[in-house]
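Visitor: Sequence:
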Amino acid sequence: GSLPVHAARTLAARHDSFFVLSLFPEDNAHACAAHCDDVVSESVYKISRILQLLKARGTTDVLFIGKVDKRHLLKKLSYDWLLAKLTAKALFKNDSDVMELLITELKQHQLSVMSQREVLTDLFVPPGVLTGTVTDAMQRDITLGMRVAEQLSTSDIGQTVVVKDGMVAAVEAIEGTDECIARGIAL
31 GSLPVHAART LAARHDSFFV LSLFPEDNAH ACAAHCDDVV SESVYKISRI
81 LQLLKARGTT DVLFIGKVDK RHLLKKLSYD WLLAKLTAKA LFKNDSDVME
131 LLITELKQHQ LSVMSQREVL TDLFVPPGVL TGTVTDAMQR DITLGMRVAE
181 QLSTSDIGQT VVVKDGMVAA VEAIEGTDEC IARGIAL
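Per this note's numbering, the sequence shown starts with residue 31, numbered consecutively.
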């Protein structure tokens, strides 16, 4: 995706000292290299090696950026011992449980996790209507969509809902936001 590239560009423009650790190099390592001279690839399944790399480079802060496409995770199952131990601790293997375990593990190694807001500030959209006027029918669709999205997010199924004329046309699952929106528009 483009978020890691945007983050690399922003950090480079700020003259921050950083390197990119690409867990899925086929997705964006080459594009990140245009903004960072130091791009390293490592398997997402090798948490112990990743921690060794971070320690060897004197890393103190980590920024998680970009999508971990669960379809990648379903294709290649070759966990190292630390990842197997961490995922075994998770009651469910949903995004928030796994992320919480990773953050806890990083803290035990004196690594802090940066907020994406620190780097992607210009991408955050303020709340409210950005264009046009919201009609009553649109507001009803928005209300329905928000209610369904909140229910989905608590189950860690997805966060995107497409609603049209009071009907839920698509909900996000493992395929991701873009494909959910495309499915909803196609209807």
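Quick caveat, the hints were computed from the structure, so don't treat them as lab data.
Misleading hints may appear alongside valid ones.
[What the hints assert, rightly or not] Here are the simulated lysine to aspartate or glutamate pairs, EDC-like style, with alpha carbons at most 20 Å apart:
| # | residue 1 | residue 2 |
| --- | --- | --- |
| 1 | 194 | 208 |
| 2 | 115 | 135 |
| 3 | 76 | 135 |
| 4 | 85 | 135 |
| 5 | 76 | 46 |
| 6 | 76 | 127 |
| 7 | 85 | 72 |
| 8 | 194 | 180 |
| 9 | 137 | 127 |
| 10 | 115 | 91 |
| 11 | 85 | 68 |
| 12 | 194 | 148 |
| 13 | 115 | 148 |
| 14 | 76 | 148 |
| 15 | 85 | 56 |
| 16 | 137 | 152 |
| 17 | 137 | 209 |
| 18 | 137 | 148 |
| 19 | 194 | 209 |
| 20 | 85 | 46 |
Visitor: Determine for every hint whether it applies to the structure shown.
Guide: Going through the hints against the structure:
1. The suggested pairing of residue 194 with residue 208 holds, with an alpha-carbon distance near 17 Å, which does not exceed 20 Å.
2. Taken as a hint, the residue 115 and residue 135 pair is honoured in the structure, with Cα atoms around 11 Å apart against an allowance of 20 Å.
3. Of the supplied pair hints, the one linking residue 76 and residue 135 holds, its CA atoms being roughly 14 Å apart against a limit of 20 Å.
4. A threshold of 20 Å between alpha carbons decides the hint, and for residue 85 with residue 135 the separation of about 13 Å falls inside it, so the pair holds.
5. This hinted pair does not check out: residue 76 and residue 46 have alpha carbons roughly 27 Å apart, beyond 20 Å.
6. Distance check on the hinted pair: residue 76 and residue 127 sit about 18 Å apart at the alpha-carbon level, within 20 Å; holds.
7. For the suggested pair residue 85 and residue 72, the alpha carbons sit about 14 Å apart, so the restraint of at most 20 Å is met.
8. Distance hint between residue 194 and residue 180 is fulfilled; the C-alpha atoms sit about 18 Å from each other, no more than 20 Å.
9. Under the criterion of a C-alpha separation no larger than 20 Å, the hint pairing residue 137 with residue 127 is consistent with the structure, at around 16 Å.
10. A distance of roughly 23 Å separates the Cα atoms of residue 115 and residue 91; the hinted pair therefore is violated under the 20 Å criterion.
11. Among the hinted pairs, residue 85 with residue 68 is consistent with the structure: their alpha-carbon atoms are about 16 Å apart, no more than 20 Å.
12. The straight-line distance between the Cα atoms of residue 194 and residue 148 is roughly 35 Å, outside the 20 Å bound, and the hint therefore fails.
13. For the given pair, residue 115 sits about 31 Å from residue 148 by alpha-carbon distance, which is inconsistent with the 20 Å threshold.
14. Taken as a hint, the residue 76 and residue 148 pair is broken in the structure, with Cα atoms around 27 Å apart against an allowance of 20 Å.
15. The suggested pairing of residue 85 with residue 56 is violated, with an alpha-carbon distance near 25 Å, which exceeds 20 Å.
16. For the proposed pair residue 137 and residue 152, the alpha carbon gap of about 28 Å is over 20 Å, so the pair is violated.
17. Of the supplied pair hints, the one linking residue 137 and residue 209 is violated, its CA atoms being roughly 34 Å apart against a limit of 20 Å.
18. With a CA separation close to 19 Å, the supplied pair residue 137 and residue 148 stays within the 20 Å bound.
19. This hinted pair checks out: residue 194 and residue 209 have alpha carbons roughly 17 Å apart, not beyond 20 Å.
20. Taking the CA atoms of residue 85 and residue 46, the gap is near 18 Å; set against the 20 Å cutoff, the hint holds.
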